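Assemble chains B and U onto chain A, guided by the hints.
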Amino acid sequence: MGNKKLWISFAFIILALFPPLFLSQYWLHVMIISLFYVMMASSWNLIAGFTGQVSFAHAAFSGMGAYTSGMLTVYLGLPPWLGILIGTGVAALLGFGLGYLCIRMGGIYLSLTTLGFSEILRIIITNEDQWTRGTMGLQVPGFFVEYSKTSYYYLFLIVTILLLIVIYKIIHSEMGLTFRAVLNDEVAASSSGINTVRVRVLAFAISSAMSGLAGGFYGHYLMLITPDVPSLGQMFLVLAMAVIGGMGSFAGPIVGSFVLEILSEYIRVYGEYHVLLFGLIALAMARFAPEGVVGILRKKWRREWA
Amino acid sequence: MSELLMYLTNGIVIGVINAISAIGVSLIVGIMKVVNFAHGELYIFAGYFSYHLSVSLGVPPLLAMPLSIFLIFLIGIGMERTLIRPTYGDEMYSLIITFVLSIVLQNAALLIFGPYPQKPPNWVTGAMNIFGLYHYGNQRILSFFISIGVLLSIFYLIKRTWFGKSIRAISQDREMAALVGVDHLKVNMLAFGLGAALAGAAGVVLSPIFPVTPSGSSSVSLNAFIVVVLGGMGSLKGCVVGGLILGILENLGAAYISTMYRHIFGFIILILVLVFRPWGLFGQKTQ
Amino acid sequence: MKRTVFLATLMMFFLIGSWAWAQDTIKIGVVGPRTGPAAATGKAFEEGIAIALDHINARGGVLGKKVEVIFEDTGGVPEKAASAFEKLATRDKVPIVVGESHSSSALAEIEVANRYKVPLIICEAWHDDITKKNYRWVFRAGPVNSGVVDFYIAPFVKDNGFKKVAIVRENSDWGVGIAERTETNMKNLGIPFVTLKVERESKDFYTELTKIKGENPDIVLAYIYGTGLHFFVSQANEVGLSPKSLILDGAGPPSLWDTFWKNVGKAGEMELFMSSMHEKVHLTPTSRKFWEDYKKKFGKDPTDYKTRSIYNVVLIAVDAIARAKSTENEALVNALEKTSLEVTTGVVKFGLKQGTYEYHQWMPPMLVVQWQDQKQVVVYPKEAAMGALMKGK
Numbered sequence: 042m043g044n045k046k047l048w049i050s051f052a053f054i055i056l057a058l059f060p061p062l063f064l065s066q067y068w069l070h071v072m073i074i075s076l077f078y079v080m081m082a083s084s085w086n087l088i089a090g091f092t093g094q095v096s097f098a099h100a101a102f103s104g105m106g107a108y109t110s111g112m113l114t115v116y117l118g119l120p121p122w123l124g125i126l127i128g129t130g131v132a133a134l135l136g137f138g139l140g141y142l143c144i145r146m147g148g149i150y151l152s153l154t155t156l157g158f159s160e161i162l163r164i165i166i167t168n169e170d171q172w173t174r175g176t177m178g179l180q181v182p183g184f185f186v187e188y189s190k191t192s193y194y195y196l197f198l199i200v201t202i203l204l205l206i207v208i209y210k211i212i213h214s215e216m217g218l219t220f221r222a223v224l225n226d227e228v229a230a231s232s233s234g235i236n237t238v239r240v241r242v243l244a245f246a247i248s249s250a251m252s253g254l255a256g257g258f259y260g261h262y263l264m265l266i267t268p269d270v271p272s273l274g275q276m277f278l279v280l281a282m283a284v285i286g287g288m289g290s291f292a293g294p295i296v297g298s299f300v301l302e303i304l305s306e307y308i309r310v311y312g313e314y315h316v317l318l319f320g321l322i323a324l325a326m327a328r329f330a331p332e333g334v335v336g337i338l339r340k341k342w343r344r345e346w347a
Numbered sequence: 013m014s015e016l017l018m019y020l021t022n023g024i025v026i027g028v029i030n031a032i033s034a035i036g037v038s039l040i041v042g043i044m045k046v047v048n049f050a051h052g053e054l055y056i057f058a059g060y061f062s063y064h065l066s067v068s069l070g071v072p073p074l075l076a077m078p079l080s081i082f083l084i085f086l087i088g089i090g091m092e093r094t095l096i097r098p099t100y101g102d103e104m105y106s107l108i109i110t111f112v113l114s115i116v117l118q119n120a121a122l123l124i125f126g127p128y129p130q131k132p133p134n135w136v137t138g139a140m141n142i143f144g145l146y147h148y149g150n151q152r153i154l155s156f157f158i159s160i161g162v163l164l165s166i167f168y169l170i171k172r173t174w175f176g177k178s179i180r181a182i183s184q185d186r187e188m189a190a191l192v193g194v195d196h197l198k199v200n201m202l203a204f205g206l207g208a209a210l211a212g213a214a215g216v217v218l219s220p221i222f223p224v225t226p227s228g229s230s231s232v233s234l235n236a237f238i239v240v241v242l243g244g245m246g247s248l249k250g251c252v253v254g255g256l257i258l259g260i261l262e263n264l265g266a267a268y269i270s271t272m273y274r275h276i277f278g279f280i281i282l283i284l285v286l287v288f289r290p291w292g293l294f295g296q297k298t299q
Numbered sequence: 107m108k109r110t111v112f113l114a115t116l117m118m119f120f121l122i123g124s125w126a127w128a129q130d131t132i133k134i135g136v137v138g139p140r141t142g143p144a145a146a147t148g149k150a151f152e153e154g155i156a157i158a159l160d161h162i163n164a165r166g167g168v169l170g171k172k173v174e175v176i177f178e179d180t181g182g183v184p185e186k187a188a189s190a191f192e193k194l195a196t197r198d199k200v201p202i203v204v205g206e207s208h209s210s211s212a213l214a215e216i217e218v219a220n221r222y223k224v225p226l227i228i229c230e231a232w233h234d235d236i237t238k239k240n241y242r243w244v245f246r247a248g249p250v251n252s253g254v255v256d257f258y259i260a261p262f263v264k265d266n267g268f269k270k271v272a273i274v275r276e277n278s279d280w281g282v283g284i285a286e287r288t289e290t291n292m293k294n295l296g297i298p299f300v301t302l303k304v305e306r307e308s309k310d311f312y313t314e315l316t317k318i319k320g321e322n323p324d325i326v327l328a329y330i331y332g333t334g335l336h337f338f339v340s341q342a343n344e345v346g347l348s349p350k351s352l353i354l355d356g357a358g359p360p361s362l363w364d365t366f367w368k369n370v371g372k373a374g375e376m377e378l379f380m381s382s383m384h385e386k387v388h389l390t391p392t393s394r395k396f397w398e399d400y401k402k403k404f405g406k407d408p409t410d411y412k413t414r415s416i417y418n419v420v421l422i423a424v425d426a427i428a429r430a431k432s433t434e435n436e437a438l439v440n441a442l443e444k445t446s447l448e449v450t451t452g453v454v455k456f457g458l459k460q461g462t463y464e465y466h467q468w469m470p471p472m473l474v475v476q477w478q479d480q481k482q483v484v485v486y487p488k489e490a491a492m493g494a495l496m497k498g499k
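Residue numbers (this note's numbering), protein chains in the order written: chain A, 42 to 347; chain B, 13 to 299; chain U, 107 to 499.
The following block holds chain A by itself, in its conformation from the complex (with noise of 0.2 Å):
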């Protein structure tokens, strides 16, 4: 990390501890969701972005983590911190599995299987109503005796930060030369030693893990879960945030997930709309700035600068 990077990091952090101080309970939640957004679009960028396979599960993996945590809380009376640290294990090795299932196959098939993992989860969930509630949703305890938004908003930042530092790790370790390798030319990484399929498979299950922990955090602050959680269209606005923001930056999905979620509660008197907006917004992205907004901002900054 160079130091004008960590500098500016600091700021941030510090700048982070303040919301609480001045927003209003109804945008320290607007705060708490983005910091959610933040952790699934960034693990989602971690595979998508730097090893360039697009998954559709990733929300039913916030799922699982969210359901086994609630299910682990409610019938057995675990404590929600190690609810949540079963759930992400059980994210984890569910990840393994369908990425060593699947990814030989390559993209669309990792794709299509994904997709059809995500629907055969929320069938499950919606049908074993005597077990999850279905559609019904299951009401979880919280993480705080007493209820406040404060206490949750400096939790899901701890948790953020955390995640945020073991990503920028992967990216930028031995591992994260790997994955970019493996994005930018899959024959020649393969030719030099660098065993693909195994990867590719490790970053999935990472990957998967962290969108379960983000899940079961979020299921606990909600305190309701219900098959919104793992749903298509949840995938579509972590995909959608990562698109926007810029997909293989790690910057990208963290300014991708605020910029949507503070959007969305500003456009939301027009109705459901939004979710249309976002697409188009998504669309013209990917059709015409695959880089997205930081990538765009970089290259204003850099020739400003240079």
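Simulated from the structure, these hints should not be mistaken for lab results.
Every value quoted in this text rests on a predicted model; they were computed, and no experiment measured them.
Don't take each hint at face value.
Simulated crosslink set (DSS-like; lysine-lysine; CA at most 27 Å straight-line) [claimed, not checked]:
hint, chain 1, residue 1, chain 2, residue 2
1, A, Lys190, U, Lys223
2, A, Lys190, U, Lys239
3, U, Lys133, A, Lys190
4, A, Lys190, U, Lys403
Frame of chain A; chains B and U shown alone:
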């Protein structure tokens, strides 16, 4: 016994219509290696077009149907020209773009047509008593025969015309096809339009039975994907056999195992095929 | 750089400004589905709210201020419902919320109401637990599953001498709750029954209907809310189940939506449904006034009875604010507990005995209506009946 026959009939009828929709996806995958996630939305739009043409504008249903399909064909060509063509060769972006497109179209349908299910007028009403064993809706029987007609014309188009020959040439060997003078950009465009039109055809035939809603599009796409993977990507025969297998299996599974799990049987097949026979029943094993 | 700072400051003011608007009206929150499978209910709510506001503001509003409504969409899904309620409570800071027509959404909302201590009056979510949980902040002026089954559906089945019953229920809290209550009642009455689960958004019921036909029931109690009911009714006719077996729509509104006859065709004949409203049945002067003003405003007869239910609860909320002479939550709950207000369906008085679903509960009288020649004919209870029940062959 009569119950079993009823389930089988329903499975075959739904299966044939599955096949039409799946051939649309299969054509596009076979030639362009692009999975069109917006397939189901085209189906839904066709249903709404057919409804509004015949109910709001008073066009006779027999004319409204081909007109809707033609509109979808044009939309398909427009999609290919503007969004799909630039992604050829970049699998990741084509997956992302068609997925986002599906969400955009789904929400556009919600904005334009509203959330309510709509159903074009039935061509026929009532039910028929089949061999004195069970009742079956006349509309379903008629839809079945029309679907068979559509299937036969697709087979003719692909096996007997220059267009079909170019398609097959390109899907087998792109470079060779270019050498013998096949204009692959034009064929790609037409094939994408035809694939879209087939989604439209399925939508038009099925909407009087199952009314269309904006939220119903994803299950249409998913069904088509299951059939294509099961039959083998790019195989027409595979689509027909896969469609029938899926239709019958879903109906028997719903009847004898669990109605609530009706849609899971298809996905289980999808995963099993992908794991053990990724090239499908009739596809070519390339890897 | 300067511009960035300027923009950031502007953003800040925008953010802060958006929740600091001056309050010169009294805002009542409404929750209900404006999108999703039961979006038609949202429409019905809008109409009822419009008439209620006309009536209230014509009298000069309440506490000298005009009354305004903020209608948040729940999409008919619990998590959206919870966050909609949370927005009303934290962003709009409304003193009281009314509405809802989905039990699952209502069960999520009452938790939030309890957390922020905001009074909530439910009008059309029927699950027992909504009031059975005995939350101090939650009231219901509308039907409750146990009441509907115990006093209307079960006696209707018994009095008409039906020998075999099929229960079809969707997988929602309302569906599960009302089906279980029906099963208990049928067991007590000694009437044999079968129960089938169906998916709420299903469009193809051939398999389920074929199974039901094999059981040969006299009546099918269909607990399906949404357009799914239309497909169920039309396909029941196609497979030859109805009209030999009658079908009762246990919720009601779907059988009254504009699209009903278009979707079911002739199969809608002899279908039965629950309702709390009929053109010829006016229990109070308010009911007649509502009917006339609705016709004046919308140029048609009201169809969906939920239009009237939401009208009632807006009236109840405003009445409580007027008597409490404040919008403070404790005062409002105390005022609500002393409610004695004439609405369209009778005089509202909430139950006060804790321990059962009757706490903070008031239920309007219901009717069983049958479509006869596309006309609504009340066939049950006997005191209100306008004609005999038609049975198919």
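inquiry  = Taking the earlier hints as the rules, which of them does this structure contradict?
reply    = 4
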